[in-house]
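Based on the provided sequences and hints, a complete structural model is requested.
Those protein sequence lines, which keep their order, are chains A and B.
Under full-length UniProt numbering, the first residue of the first sequence carries the number 1, and numbering increases by one thereafter.
Under full-length UniProt numbering, the first residue of the second sequence carries the number 1, and numbering increases by one thereafter.
Calculated from the structure, these hints are not laboratory results.
Each hint can be trusted.
Covered stretches of chain B (chain A as the covering partner; in silico rule of three or more C-beta atoms under 8 Å from a C-beta of chain A):
#1 5-12
#2 15-23
#3 26-33
Yeah, the Cβ is synthetic: ideal placement off N, Cα and C, and Gly gets one too.
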Amino acid sequence: MFHRANLRNNSKNGRSQVGQNRNSKKKPVAKLTLITEDNESFTVCKKVAEMSMFFKNMLQDTEGIPAPFIVPNVSGYDLKKIIEYCSYHCLDTDCPNDNDSLRSRRDRKIGHWDETFVRNIINKDGDPVIDNLVGLTKAAYFLDIPGLIWLMTKSIANTIDPKPIAEIREIFNVPVPSEREEEILQR
Amino acid sequence: MPLPVPNEILHKILLRLPLASIPRVALTCRRLNAIISSEVYWQDRAQADYRLPRCAAFRRAGWRQLYKRLRDPVVLNWGDPGNSRLGRRVARDNRRPVEVDALRGRRVVAVWVMGWGMAALTAIGEVLWWGTFSERWGPIALRPTALALTPGVRVAQMETGRQYLVCRTHDGKVIFFSATRDGIVPMHVPLPASDPITHIAASWHHFLAVGTSGAVYSAPANAEMAIVPHAVDGDPFVTVAGCQGLSIAISARGDVYTWAENGESGPPILHPDFSGRGFVYLSGSLHAFHLYSTAGDVVFIKHNNGVLSDITPASLKPIKGVAPVIQSESGDWHHGALREDGTLWMWGADSNGALGISLSGNARHIDEPTQVREGLENLFVFQIALGGWHSAALAVRIEDGAVPDGGQPPQ
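The structure is reproduced here in structure tokens:
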């Protein structure tokens, strides 16, 4: 059984301190400070940050822990969710992975924790579901987090799978094709 | 109005959809339709849904039709039938490709050749073997037999050596199967847990593994498992292969390095003649290895005491308008090349039928690559494996000799 790294908010300075392992009090944990494009700041431990290949490569190429790092293309909301995901999965050896080449990559079911994680994205501020899922997918892509890419793309696929064509068009904001266009598609 | 989702993300989303939903989603709009109609989509889908080996990835066309037919592939083999290595009843003729009946319906997606046997991986992750596993201990399987895997273990890659089989699991571990007096015994290879394995290779007498860190680990193929790490400063290895007496690796910069099997003669040596030419993958056999480039070049290299020479036959070099070679393999004394159009070309020593071609008179050798026609009628070959004196091919059936060239995805 492995320990789940926790997510903690530091409300005093309006900053979040996330991704620290509860049971790692004695040993100093290397930390990384990240600042998003909308100027939110987060502190994460190295183990959590390294779930992202982007940060992992950066940390390998950099001697020591760098100064606050500005993360372009990622909003505070998305980075918070990303850190929540990475904190939970950073010690998970059997996390479904976008790099896993097995057919089970598509067939694997979304786990209970992941399901709740996705449901919370859907409920955020009542915003359109697909926008939040896509926003987080883009951020996961940028930061290269294979497990989260799998979860997000799988969740979007699950969202659109049972829908009729008209609803899929609505989800993706696609206009109804003309008769001629529809003929081309039918071919 | 354009979709707010980048194409590469849409591509991934569409890969996660069940097959039955694809035709419906393709009717949504031109953009989704274009992604679903692309070769890249069906290539990725084939590699996600079936466990196609990396050597099958160099095909650029025909994926859509190949995907459809992968549900019912045909395993064929030919050559020396000794030690029950063909896994089928051999009447008189072992000199042409013949289907291994026992594998019909097993959905084999890759075949490998061992010293006196063969092995296959199925779409559901079964590892099958037949023939004689080890010259000393056996055991012998007259028909394809499933290898016992620990429940929960998912095989991501499999490779075979002379008398062993090695698997990489989905979580980056390596399991080594060898024969003892007690039968076939699996052993977890003691590689560093901090460096999950991304690729493995098996040579006749040693095996190799590439770690996430870019280090290569090699070990003689025996129970001692004396692991030796190999690395080059600042240039991680991305893939590796082994020949008799030689290990070959390609680095992230595209440089080609070799060293004696387990580094007995010192650190990796750079080969400038083959470096920086866009080689991204390689496979090895007893005396030769094969380099694959992103541009579609497949080069045959012979090694002699660490000296490498390009022995690619002129007729197999890229020619405009001719289907390119997408896989090449070598046995002890024979060679094979698979073209993108599903045709198989063989040359070298016949080695008791290993070429799969009826030779006239006393001929026992073919200098020029020659197409194998007999036994492959109405079949489209998509993977080959060559061993000492025997060969195997994996094919799909085609109607009226038509080459896969597009069509509707399976419903």
